[in-house]
Each structure stands twice: as structure tokens, then as C-alpha cells.
Amino acid sequence: MVLKDVISGGKGQAFMLCNEAIVRGAIEADVKVVAFYPGAPTSEILDTFSEALGSFDYHMQIATNEKVALEICAGASFAGFRSLTAMKSVGMNVASDTLFVLGYTGVRGGLVVVMADDPHAHSSQSEQDGRFFAPNAYVPMLEPSTAQEAKEMVKEAFAISERHRVPVIVRTVTRVNHQSGVVELGEIRRGKFERARWRDLKEEYLTLGEVARRKKVRMLERRAELEKEFEGSAFNSVLRGEGGAGTGIVTSSVSYLYVLEALKSLGLWGRVPVLKLGTTYPVPRRLVADFIRGLKGVIVVEELSPYLENEVAVIAKDVNPAARIFGKRSGDFSEAWELNPDLVSEGIASALGLEHGDKTKIVEEARALKEGMPDRYPTFCPGCPHRGTFAALSQALRALSASGKGYYFANDIGCYSMWVFPPISKADSSLCMGASVGIANGLSNVIEERVVAVVGDSTFYHAALPAILNAVHNRNRFTLLILDNSVTAMTGQQPNLSTEYTAGWREGKRVPIEDVCRAAGAEFVEVVDSYSVKENVPVFRRALEYDGLAVVVSRRECALYGDRRKRRRGEKITPFEVDKSVCRRPYACIRDVYCPAHEIDGDGQPRISPELCDGCSVCSRMCAFGSIRRAGAGTGNENGTGNQKRNDKEKEKEKEKGEGAGERR
Amino acid sequence: MSFNIFICGVGGQGLVLLTNVLGRACLKSGFKAITGEMYGLSQRSGSVSVHMRIGDDAYSPLIPVGEGDVLVALEAIEALRYIEYLKKGGLALVNRRVMHPPVETAGLVRDRSRKYFSLEDVVSRLRSYTGRVAVIDALAAAKEAGNPNAENTVFLGCLSALRELPLDPEKVREAIAEAVPERTVDQNLRAFELGRAAAREALCGSGVCRD
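Protein sequence lines, in the order shown, are assigned to chains F and Z.
All letters in the first sequence, in the order written, are residues 14 to 678 by this note's numbering.
All letters in the second sequence, in the order written, are residues 24 to 234 by this note's numbering.
Because the hints were derived from the structure by calculation, they are not lab data.
Any given hint might turn out to be false.
[To be verified] Which bits of chain F does chain Z cover? Going by a derived footprint, with three or more residues having C-beta under 8 Å, they are:
#, region
1, 354-360
2, 388-396
3, 446-460
Please read these numbers as outputs of a predicted model, since none were measured by experiment.
Built from N, CA and C at the ideal position, the CB exists for glycine as well.
Full structure from sequences and hints, please.
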């Protein structure tokens with residue numbers, strides 16, 4: 014992330030990630046309060062706000078979950094402050110309880126909710142079409158296609174929010190969030206942050222009984238007003254086409270960009286009219302009606318569900334019932350996964366009955382070339398504490414296997430989810446934040462196997478806690494592993510309640526997980542160091558055999574986070590190496606560990622890549638022969654005595670290390 | 024016109040920074056640029072990719088299949104994973120470095136008769152797809168520049184040596200100095216020069232270099 018573009022006072026242009034452009038838009042709009050729970054593909058919005066915290070006067074919190082984040086923003090908005098939160102669509106599931114009520118109560122200061130869908134489930138547990146939240150909650154929605162448009166829409170969303178006293182959703186998709194482009198910077202005019210005085214507005218902000226019924230009518234009126242306003246919105250545009258084929262295209266979001274690409278490659282540029290919708294709830298019906306009135310066919314290009322297609326079909330029924338509608342229901346586009354320029358070309362060509370450049374040959378040739386190529390799954394980073402935790406757990410399970418008892422692994426959402434991937438491939442379920450503990454509550458009462466639930470620190474606070482309280486109260490029996498790496502690692506190492514910092518790396522108070530569990534009434538609570546594999550095996554054994562709820566907190570900071578802190582303190586990272594004269598090749602260092610730094614060399618000897626090794630020592634602790642040592646160490650184990658040779662080698666290594674250009678996100 | 028660069032590698036190799044530098048250089052040169060980036064979350068040590076598109080005719084953040092002008096692979100095996108994005112006759116700039124995924128190493132431990140997928144396997148297959156393959160020892164160059172993590176910058180140097188890249192190398196150099204951490208600017212500029220030299224050597228006589 015390059016902060017200076019985001020905070021630069023001057024106008025001009027910058028090459029920006031869309032998520033940075035969103036922050037820039039909010040800063041230009043003089044946002045005063047922001048709150049988040051991190052979630053890909055929106056995490057850089059949080060990160061950028063966090064870094065810019067020193068440059069502007071706004072209040073920021075990293076919240077326990079998305080619902081709390083939205084409520085922080087809602088509270089600020091009630092008091093008249095402009096506020097913004099961003100979340101992925103599965104986060105909106107958590108926040109939606111509050112969003113629906115805000116649709117009723119309305120807001121005061123502009124409240125903007127950036128909500129990102131993830132077509133193709135690149136980094137989510139499901140493909141979800143969050144657009145349906147907007148009509149369901151009667152909350153207006155804008156959809157940008159580019160970084161530039163995202164910045165403009167966020168700015169305008171604050172104005173719409175204040176004009177209509179309603180939260181506004183700016184809905185993105187992964188390919189919009191993680192798109193970089195040239196962005197025109199606007200002027201930054203910031204007002205000072207000053208506490209407001211609470212005025213008696215209570216009636217406006219509750220929905221009990223009669224109030225809810227009254228407010229429902231108000232929501233419907235507001236929708237009509239918004240629709241009228243959106244008819245004239247500059248975010249909607251028509252790309253003229255001579256319309257020779259009598260067919261036009263309706264589209265939005267990143268799909269609009271794919272449509273442009275497709276028109277170019279199919280030679281249809283200037284021949285097919287395109288209606289690009291930037292305001293997708295409420296849909297500006299008259300605009301759509303005018304566009305489709307004279308057409309023989311309408312192609313709707315959108316990702317995920319046929320949201321716009323349904324709207325277009327309903328409008329067509331009144332103004333042009335003969336028009337054929339091509340989209341998901343006609344089979345020209347799939348409802349599964351994200352679109353791309355090739356799929357959109359194919360879909361448009363198929364709707365128009367045209368030949369399109371067939372790329373099957375290229376794809377088939379490429380497929381043949383990939384024969385036998387290894388897969389590359391995401392995995393624990395070198396130095397990741399979870400590797401040590403799972404190594405000890407695997408050993409404990411092997412030791413207990415003689416008993417014949419089986420195990421069910423309820424995994425959750427976080428870095429430890431990667432336990433599902435080969436070569437480890439060990440997880441029976443993984444649903445959504447905190448669900449592993451909820452599932453364990455149910456399963457442990459109905460199956461013979463011992464249930465092992467896994468959560469991380471951030472997930473613990475976010476959504477697992479109520480399920481843990483439930484387990485204690487109901488005397489449910491299972492093993493709960495809380496893997497505390499002290500940051501929200503998977504989304505880019507943001508601080509959480511287990512970190513001693515808050516947003517902007519300001520000092521905060523750590524909330525110790527073990528204290529919370531003990532206070533909740535859990536009787537078996539043990540804390541271990543994730544790297545101490547050997548010492549942890551008996552603890553895990555006892556936790557697996559305990560007749561009740563057994564909690565093990567396995568703690569060691571995230572390696573990427575730790576490395577960053579070490580570099581800041583000037584500490585050195587020394588990799589390990591294999592002493593081939595001692596190694597007897599049982600490969601214990603590789604089995605149960607599966608570290609990317611481990612390879613096997615030409616003579617079948619384990620080898621540790623010095624560029625990748627993080628010096629965590631977990632593999633050396635697995636070796637029965639003491640053949641894995643810190644590079645440059647003499648003999649013996651990792652604490653081997655230093656000597657001149659070691660010092661020289663370390664110095665040499667240090668020269669090589671240094672902070673790389675590589676690591677940014 | 025549009026010029027398409029497909030960049031791939033392994034999570035942690037700095038693809039995003041590489042892209043950001045190219046984007047800044049485009050801005051300095053007055054070119055429109057748009058990218059589609061796939062990284063983050065669980066992509067550490069996993070396969071990552073970035074679509075980089077330069078020029079007024081590039082609308083989508085994704086390159087259509089078979090329309091990449093250059094494929095840059097910061098890890099050799101990854102070049103093959105995305106080969107369909109390269110146009111026939113396009114240039115593949117491939118790192119000599121092979122990072123064997125743990126799943127592959129685990130397979131070798133289970134079955135000792137197995138062999139790693141090698142650089143030679145990759146290069147011979149790439150050559151059957153396109154006549155233009157350049158193998159670059161970016162790790163060696165990065166180490167020589169004083170920072171083994173600067174492989175990404177080495178590839179910026181390689182790209183800058185190409186006649187077909189519509190960017191002035193000086194603009195790329197300026198963009199590097201702006202985008203990398205301050206204390207690593209010198210190392211990165213050295214890595215950039217070594218990358219230029221490496222590309223010139225690898226592509227020597229093929230007429231694709233600037234000088």
C-alpha cells in the first residue's frame with residue numbers, strides 16, 4: 014500500500030487499488046468514524062484507514078465482528094457524524110440484523126456500508142449474492158465498475174444517505190476491490206473532529222410496535238423518492254449502438270467492463286447499445302423501460318443470481334412483452350462462479366447467434382501441457398504456529414489410535430482452515446465464523462466419536478463465545494482448540510482483542526482468552542506454546558480424553574506478524590539447516606510438518622531452503638537425531654554453542670536478509 | 024492498443040508491489056492501466072496471479088485467454104499453470120527458481136521412486152507452446168543486489184529491457200524508488216539493473232531488447 018497517494022492533499026492522478034480509492038473517497042467526503050471487522054476482499058480498506066489514522070482526524074475501531082462494526086457506525090451516524098464500514102457479504106450476514114432495523118429507523122450522518130461479494134468464492138466459504146440485502150432491507154445500493162467510480166460512488170453515497178436519511182450500500186465484487194487503476198484525486202477538505210451533544214431523538218431510533226408499522230410505510234415512500242432520483246443519476250449511462258440486430262445489453266459492476274471487452278472482440282463496438290446501471294437498488298425502472306422499449310432482445314450480463322434479469326423481465330412485461338430476454342434463465346450465462354471477458358463474449362455471441370473466436374483449442378493445448386504438474390494449495394506459512402499445533406495434535410491422535418476411538422474435526426474460518434488442503438486433508442466440516450463450536454455442541458451429543466473443534470483468536474471473540482457459554486451450561490463434552498496467534502492473520506495481520514494494539518497500532522488492552530473461558534466456567538483450560546511440539550502432546554492427549562469440555566489455548570504469534578516486529582526491533586531471523594552426516598532420513602521433519610521450506614535433494618536427503626525458512630524450530634524438534642540446527646550452529650540441538658564460524662555465517666546471512674521489496678500485504 | 028502482461032508466482036513473492044510499480048510507471052508515462060489481482064487471504068505459499076493491462080483499449084481487469092503479450096513467472100512451475108493466457112508467439116519470462124509445493128514433497132516421501140517436476144520439464148513444455156522463452160536466475164541477481172527478496176524487482180528490470188514494453192525504463196526506475204521501503208531503494212535499483220542485464224543476455228540477438 015502506498016499511503017501518500019491516499020493522503021495527498023493535491024489534486025492530480027494516482028495509480029490505486031480500488032480499496033484504497035474507496036478510502037480516498039471517504040476521506041474526501043470528510044468521514045468521521047470508521048469501524049471494521051476484516052474480511053477479504055475488503056481488508057485493505059481497514060489497513061489503509063489504519064495507516065492514514067495519523068494524517069486525519071477521524072475515529073477508528075477494529076470491532077469484534079461486522080454487526081458490532083455497523084452498530085459503531087450507526088451510533089455515530091445517529092449523533093450526526095459521517096461513518097463508514099466495509100465487510101464481505103458473509104460478514105453482512107452477521108451485520109444484517111442491524112442493517113434491517115437501520116432501514117426502518119433511518120440515520121442522520123451519512124452512513125455508508127461497503128459490501129463485497131466474492132463470485133468464484135476465491136476467499137470465502139460460499140458464493141453469495143449480497144445484492145438481495147438491499148431490496149430486503151429497503152436500503153439503496155450503488156455498484157461501481159472501476160476504482161475511479163468506486164471513489165466517486167462512496168463520496169456520493171454519503172450525500173444520498175444524508176438526503177434520504179438511510180444507510181447506503183456500495184456493493185463491490187472481488188474483481189472490483191482487487192483492481193488497480195488510475196484515479197483522479199479530488200480535493201480534501203476536512204472538518205475538525207468535535208464531540209456532539211446528544212439531542213433527544215430517541216423516537217427516531219427505535220422500531221417497537223406501532224413505530225415499526227409506521228416506518229414501513231415511510232420506507233416505501235423513500236424507495237419511490239430514491240427511484241426517481243436514480244432515474245437521473247450520472248452513475249447510469251447508455252453506450253449508444255446503432256442497434257442493427259435489435260438487441261441491447263443491460264449490465265452493471267465489473268460485468269460492464271467484460272461487456273466492453275466482448276463488444277470489441279466480437280466486432281460489435283458501436284452496434285449494440287448498452288445500459289450500464291450504477292444504481293441497482295432501487296432499479297431506475299423508467300430508464301430501463303426506455304432502453305428496452307424498441308428492442309427485440311435484451312441480454313442481461315451480471316454475476317451470480319439473476320437479480321437484474323428478474324427486474325428487467327418484470328419491466329419488459331409492461332413495456333415490451335415480446336422482447337426475448339437472454340441471461341441466466343435462457344442458459345446463455347451460468348449462475349455459478351464469476352464471469353470473465355471470454356465467458357461474456359461467448360454468452361453475447363450465443364444470444365445473438367454469432368460465431369465467436371473459439372478458444373477451446375488454446376485451452377485444450379494448455380491442459381495437455383499441464384499434465385503431471387503439481388498442485389499448489391495455500392498452506393501454513395514457514396514459521397506458522399499452527400504447524401506446530403497440528404503436529405502435536407497429530408502425534409497425540411496417533412498415540413490414542415490404539416483405543417480405536419474415532420474423531421470428528423470441526424474446523425472454522427481462519428488460517429487453520431488450511432488443514433483441509435492436501436497433504437494434511439483433515440477436517441470434517443468448516444461452515445462460517447464460530448460455527449465449529451456451535452456444531453460441536455450439537456454433534457458431541459449424537460455421535461460416538463470425540464469431537465474436536467478448532468477456532469482462532471479473532472474467531473473466538475467474533476462468534477464462538479456464545480457457543481462456548483452454551484457448552485459449559487449444557488455440560489457438552491468436546492475438545493476445543495483455540496489457536497491464538499494474536500492477530501487476525503489470514504486477512505493481513507490486523508490487531509484484534511488478543512493483540513495489545515488497536516486500530517492504527519495504538520495501545521489497547523489484550524483480552525486473555527483463557528481468562529474468559531475460565532470465567533465462563535470451563536474447568537479444563539490449558540495454555541501451551543505452539544512451537545513446543547513434544548511438550549504439548551501429553552496436554553492434547555489429556556484434552557482428547559477429558560470427560561467434559563476441554564479447552565487448549567495454543568499460543569504463539571503469527572510468524573509474518575512476528576517477523577515484522579522482529580525486523581522493527583532489529584532482531585535477526587536465522588534459518589535452520591540439515592546436517593546430512595547425522596540425518597538418517599526418516600523424514601519426520603517433513604511428515605506432520607509439510608513446510609514449504611522443506612525439499613528433498615538429489616540424493617533423497619531433506620534440505621531446508623534458507624530463503625524460505627523462518628527459523629521457527631518446529632522441524633528440528635521433530636528430529637530424533639538432532640540433525641536440524643540453526644544455520645551456522647556447531648553441533649547438537651538448536652541451542653548449539655556459538656563459535657566464530659557461526660558468527661561469520663550469520664553476518665553473511667544478515668546481509669542477505671534485510672527487508673525485502675517483496676512483502677507488502 | 025493494449026499491452027497485456029500476465030504475472031504469476033507463489034504467495035509472498037511480491038507480485039502486488041511489482042504491479043504497483045508498473046502501474047505508477049504507466050501513470051508517469053501517460054498510459055491508462057488496469058489490473059486484476061488475485062492474492063490475499065489463504066494465498067500465502069499458494070498460487071497467485073495478476074493481470075496487468077496497459078493502454079486505452081483495455082477495459083476489463085482480466086486478460087482474455089490467449090491475449091497476453093508477456094507472461095512473467097516468478098516461480099517456474101507457475102508459468103505452466105497459466106500458460107493459456109499467453110498468446111501464441113508471446114514471450115515467457117520465467118524465473119529459474121522452482122519452489123516445490125509441500126504436497127509434492129509429501130508425495131516423494133511416500134513414494135521414493137517419484138521425481139520432482141523440474142525446471143527442464145517446465146521449459147521444454149513452454150517451448151512447445153511458444154518459441155520465445157527466457158529463463159532468468161532472479162534469485163542470484165537479487166542476492167547480488169543485496170536483497171534476496173528483490174526477485175520481483177529483477178523482473179521489473181527484465182520487462183524494462185523489452186522493446187515491446189511501451190514504458191520508458193527511467194519511469195520504471197522512478198516508480199521503484201517511490202514504491203519500495205526507503206532503506207531498500209538502492210538494493211532494488213541494483214536488482215532492477217541486474218534484471219535488465221539478465222534479460223538482455225537471455226534475449227540477446229532476438230531483437231526484442233531496447234539496446
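Problem set entry | Hint check against the structure, violated hint numbers in rising order | Number 3 only.
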